[in-house]
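Novice: Here's the letter readout for the chains.
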Amino acid sequence: MMSQELLADKKVSGDDRRGLLFDTADWDFQTIQRTYDAIEDIALNDLGLSVYPNQVEIISSEQMLDAYCSVGMPVMYTHWSFGKRFVAEEAMYRKGYRGLAYEIVINSNPCISYCMEENTMAMQTLVVAHAAFGHNHFFKNNYLFQQWTCAEAILDYFEFAKRYIAECEERHGLRAVEDTLDAAHAVMDQSVFRYRRPSKLKVGEIERRQKERRQHEERTFQDLWRTVPQAKQSKETDEDQKQLEARKAQLKLPEENLLYFIEKQSPVLEPWQREIIRIVRSIAQYFYPQKQTKLMNEGCATFVHYYIVNELYDRGMISEGTLLEILHSHCNVVFQPEFDDPRYSGINPYALGFAMMQDIKRICEQPDAEDREWFPDIAGNNDWRGTLKSIWANYRDESFVNQFLSPRLIRQFKLFVVSDKSADDFVRIDAIHDEAGYRKVRADLAASYDITLGEPDIQIADVDFRGNRELVLRQTVREGVQVDQSDCTEIIKHLRHLWGYDVSLEGISSEDGSSIFKVTTDEAGDQS
Amino acid sequence: MAHLIDRRPNPREKSLGNRQRFLRRSREEIKRAVDKAVNERNISDAGNGGSISIPSRGITEPRFRLSPQHGNRQRVTPGNKEFVSGDTIAKPPSGGGGSGKDASDSGEGEDDFVFSLSRSEFLDILFDDLELPDLIKSSLKDTTVSEPRRAGYSNDGTTPNLNVLRTMRNSIGRRLALNKGGTARLKELEAEADELCEREDLDISQRTRLAQLYTEIEDLKRRGRRVPFIDPIDIRYNRFERRPVPATKAVMFCLMDVSASMGEHEKDLAKRFFVLLHLFLQRQYERVEIVFIRHTHIAQEVSEEEFFYGRESGGTMVSAALETMLKIQNERYATSDWNAYVAQASDGDNFSSDTVRCVGLLEDTILPACQFYAYIEILTEAEVSRLALAGNPGKELWRGYDALKTKWTNFSSKHVASRADIYPVFRELFARRQQEGHL
Numbered sequence: 001m002m003s004q005e006l007l008a009d010k011k012v013s014g015d016d017r018r019g020l021l022f023d024t025a026d027w028d029f030q031t032i033q034r035t036y037d038a039i040e041d042i043a044l045n046d047l048g049l050s051v052y053p054n055q056v057e058i059i060s061s062e063q064m065l066d067a068y069c070s071v072g073m074p075v076m077y078t079h080w081s082f083g084k085r086f087v088a089e090e091a092m093y094r095k096g097y098r099g100l101a102y103e104i105v106i107n108s109n110p111c112i113s114y115c116m117e118e119n120t121m122a123m124q125t126l127v128v129a130h131a132a133f134g135h136n137h138f139f140k141n142n143y144l145f146q147q148w149t150c151a152e153a154i155l156d157y158f159e160f161a162k163r164y165i166a167e168c169e170e171r172h173g174l175r176a177v178e179d180t181l182d183a184a185h186a187v188m189d190q191s192v193f194r195y196r197r198p199s200k201l202k203v204g205e206i207e208r209r210q211k212e213r214r215q216h217e218e219r220t221f222q223d224l225w226r227t228v229p230q231a232k233q234s235k236e237t238d239e240d241q242k243q244l245e246a247r248k249a250q251l252k253l254p255e256e257n258l259l260y261f262i263e264k265q266s267p268v269l270e271p272w273q274r275e276i277i278r279i280v281r282s283i284a285q286y287f288y289p290q291k292q293t294k295l296m297n298e299g300c301a302t303f304v305h306y307y308i309v310n311e312l313y314d315r316g317m318i319s320e321g322t323l324l325e326i327l328h329s330h331c332n333v334v335f336q337p338e339f340d341d342p343r344y345s346g347i348n349p350y351a352l353g354f355a356m357m358q359d360i361k362r363i364c365e366q367p368d369a370e371d372r373e374w375f376p377d378i379a380g381n382n383d384w385r386g387t388l389k390s391i392w393a394n395y396r397d398e399s400f401v402n403q404f405l406s407p408r409l410i411r412q413f414k415l416f417v418v419s420d421k422s423a424d425d426f427v428r429i430d431a432i433h434d435e436a437g438y439r440k441v442r443a444d445l446a447a448s449y450d451i452t453l454g455e456p457d458i459q460i461a462d463v464d465f466r467g468n469r470e471l472v473l474r475q476t477v478r479e480g481v482q483v484d485q486s487d488c489t490e491i492i493k494h495l496r497h498l499w500g501y502d503v504s505l506e507g508i509s510s511e512d513g514s515s516i517f518k519v520t521t522d523e524a525g526d527q528s
Numbered sequence: 529m530a531h532l533i534d535r536r537p538n539p540r541e542k543s544l545g546n547r548q549r550f551l552r553r554s555r556e557e558i559k560r561a562v563d564k565a566v567n568e569r570n571i572s573d574a575g576n577g578g579s580i581s582i583p584s585r586g587i588t589e590p591r592f593r594l595s596p597q598h599g600n601r602q603r604v605t606p607g608n609k610e611f612v613s614g615d616t617i618a619k620p621p622s623g624g625g626g627s628g629k630d631a632s633d634s635g636e637g638e639d640d641f642v643f644s645l646s647r648s649e650f651l652d653i654l655f656d657d658l659e660l661p662d663l664i665k666s667s668l669k670d671t672t673v674s675e676p677r678r679a680g681y682s683n684d685g686t687t688p689n690l691n692v693l694r695t696m697r698n699s700i701g702r703r704l705a706l707n708k709g710g711t712a713r714l715k716e717l718e719a720e721a722d723e724l725c726e727r728e729d730l731d732i733s734q735r736t737r738l739a740q741l742y743t744e745i746e747d748l749k750r751r752g753r754r755v756p757f758i759d760p761i762d763i764r765y766n767r768f769e770r771r772p773v774p775a776t777k778a779v780m781f782c783l784m785d786v787s788a789s790m791g792e793h794e795k796d797l798a799k800r801f802f803v804l805l806h807l808f809l810q811r812q813y814e815r816v817e818i819v820f821i822r823h824t825h826i827a828q829e830v831s832e833e834e835f836f837y838g839r840e841s842g843g844t845m846v847s848a849a850l851e852t853m854l855k856i857q858n859e860r861y862a863t864s865d866w867n868a869y870v871a872q873a874s875d876g877d878n879f880s881s882d883t884v885r886c887v888g889l890l891e892d893t894i895l896p897a898c899q900f901y902a903y904i905e906i907l908t909e910a911e912v913s914r915l916a917l918a919g920n921p922g923k924e925l926w927r928g929y930d931a932l933k934t935k936w937t938n939f940s941s942k943h944v945a946s947r948a949d950i951y952p953v954f955r956e957l958f959a960r961r962q963q964e965g966h967l
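Going down the list, the protein sequences come from chains X and Y.
Counting along the first sequence from 1, when you hit position 405 you're at 405 in the numbering used here, and nothing is skipped either side.
Counting along the second sequence from 1, when you hit position 133 you're at 661 in the numbering used here, and nothing is skipped either side.
Treat the hints with care, as some may be off.
What the hints assert, rightly or not - EDC-like cross-link-like pairs, simulated, lysine to aspartate or glutamate; straight-line CA separation at most 20 Å:
#	chain 1	residue 1	chain 2	residue 2
1	Y	LYS542	X	GLU169
2	Y	LYS609	X	GLU338
3	Y	LYS542	X	ASP156
4	X	LYS421	Y	ASP615
5	X	LYS440	Y	ASP615
6	Y	LYS749	Y	ASP759
7	X	LYS162	X	GLU178
8	X	LYS493	Y	GLU589
9	Y	LYS795	Y	ASP563
10	Y	LYS609	X	ASP340
11	X	LYS414	Y	GLU610
12	X	LYS252	X	ASP462
13	Y	LYS609	X	ASP430
14	X	LYS414	X	GLU370
Stated by the list, open to error - Non-contacting residues of chain Y with respect to chain X, defined by C-beta distances greater than 10 Å in every case (computed):
#	residue
15	THR686
16	PRO688
17	ASN698
18	ILE700
19	ALA712
20	GLU720
21	ASP762
22	GLY791
23	HIS793
24	ASP796
25	TRP866
26	LEU917
Worth flagging that the hints you see were computed from the coordinates, not collected in a lab.
All of these numbers come straight from a predicted model, not from anything done at the bench.
Virtual Cβ for every residue (Gly too), placed ideally from N, Cα, C.
Next up, chain X with everything else stripped away, as it sits in the complex:
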């Protein structure tokens, strides 16, 4: 349906095939290069995008599976969990339950896009426009990526991580490295700086410093020291209390980045374990902006590919058949099943993102009275290119939805808010797509993209260095949404492995400060 409509207002270009970039489904490198150049012309000179240099790589389906399973990175250290994902994904793929992604794009400089060799030429066109220009522009210009990731250094860093972990496996055994990695992976999501800017990655520097440290240790190793009796710890007096307070302040507690704290303060870790933890949290930090901009990133890329392929068609550079094939894939990607559809699994970021970008373009060009009321600053400014680019640069999903979701789209998606309270045995419809509900729907949808609300807020609250050195974690429980208990014991056991002493996790209500739950690795504490 959609594609027919879209075609209807195209001028008929006739049978003039001389200007076509390609007219077969097969691709070769010259054709891709030629098409790339045509796309680049539109992207840079028409849309005015600013991108990292592109590196388009053709890979086989098996390599795609590989890339998939190691979080999409071209180089990644080895870990069993990636193997597990591979076994599962491969089984799904072989049985035909799931297709593979057409592309993967990496936020690096140069920006690497992977294209599958199975893609037809039409699909390669789509993929190049989508990944090499859409995502690429977003990576380069969005403030989150600019501030939090180093596109220049990331590939080298992964290379270093892979090499370093392989080295550790050789030096300290698979098992020891695996235990450390398992434990670190468990709290990866809670190991990012949300407010403080992390230091730049300097791979050579890290490696050199790390090596020096090890060499120094090896040079100065003296077994005799082990046999010298340790000085007894002095009895703590009241005066020490003050020192302890000072020390706690020195530790800068509470700390939101769990692995950072453990890396710096754990009493038991070996230097190489600290480095591994550092690697894991650096990777978590690298992916943190992506989590916050899924909707915008995909919306931007989908909008860009849609504009570019239509422009290619208008310029007579691709045939009607090619356009139809591309639109067919496009429509599959932006399909949003309704909530009672068995295929429904939340709001499709491609669908909502693309719809919002298109809607903003419409508001800039042909606003109606409602738009002028809701978006006075952009309605009818006739500069949708500039407007979109500034949005892509300065917003993340949450603020983007809060600012730019129009009543028209709320009606189009028929959005409604369901309020679910665990105490009630019913759910309530709080707002629907009507005059009274627009703002509530928009605010709630925006909140659902706020990952500080979507992920448990767990911080390190205290370390009792005087006594048993127990590491105390605290979840601030908002709206009674506590952390899922089933994994908790497992995770704090992992943390205990890294910390060396007991670890406990307590849920504290954000409303009245009361304790909601408590788990601990201390067996005795468990029973009492």
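Given chain X, put chain Y in place with the hints provided.
Specialist: What follows is chain Y alone, placed relative to chain X:
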């Protein structure tokens, strides 16, 4: 300007290391699952691969997640049709909301991690603690025996495979073709020459004609002789292809003492032995039937279920089982059609008077009529060391059977105390098969 790079020739199997780490990590679990599968399955399909599920406990990656059951939250959902604000909808009874299933599917819930093992992977793991050598493992896994089968003709081959009929057919055809019209012409000319010869009065022209005819006939004959009777291009050989063929059929008698002294452990060992024997026979024969005979002081044919899990108590009289077996063999499995394999598992207890009877039965009727008779005496480790200390070769039945071992090559007996002991019985079985192969 874009860089286009073809990464396809890059080394494959980049994630091999990851996969190996994963398999190593879950090896224990997989092994346990395979063991469980073998115990649950029938002997006849114990060796097939298939999907096994391992508890995801060992391979979960725990992460802090918000509990879907607790607290208050707002969800924004697309596709409203009839709701207006203020509507209330009862929650589904399970409490977790309608998306409970979806959540566990996508969220790596507590479901077991299911994946399928191929037949060969499955057997690998099954054989792992039976300590089978690789050669035997691979031949056990190989279910097909191939045999040359006629498959048309070919232009080359060895002389014994020469197909005379085809060769001659080609030869005739070729000779006919090369002699095209020659034979008819020859006959014609000869008839004309004969006719001229018979006449007395030949004028000069006729005489020259006759001479002409003779030279022409001579020419034709020479031409005919120059066409060889058999040319290398005529020769055809029978072509053979190796096609998998099942040998024939076999019946496997499983005899087991189920008197009170056979416990869970003993039965488990016996079952493993029977499974292996079945796999081995499957490889050799098109059709393998299994007859289960259990005995106390009386013997009866039972289903597999009853065989392993039925409870029966009573004394021990091995000869009863042997007699039942003979009876069944005579009735249903004539020795001309069926290869009989007998596997007897027992803890070795028997009355001495009955042992004599058993040996007699074996020697007179059973051993001459069966391919292989395996007796495994299942002992506990303690019993093994006690026997060794006493310098005693085995228990009652073992001592009785001892004499048979030297006389009959198709008789084998072994003590089995752990899984690893099962293999030697097979080594004998295989060694025997290989000898036969050489004959």
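Novice: Going back to the hint list, which numbers does this structure go against?
Specialist: No numbers; nothing is violated.
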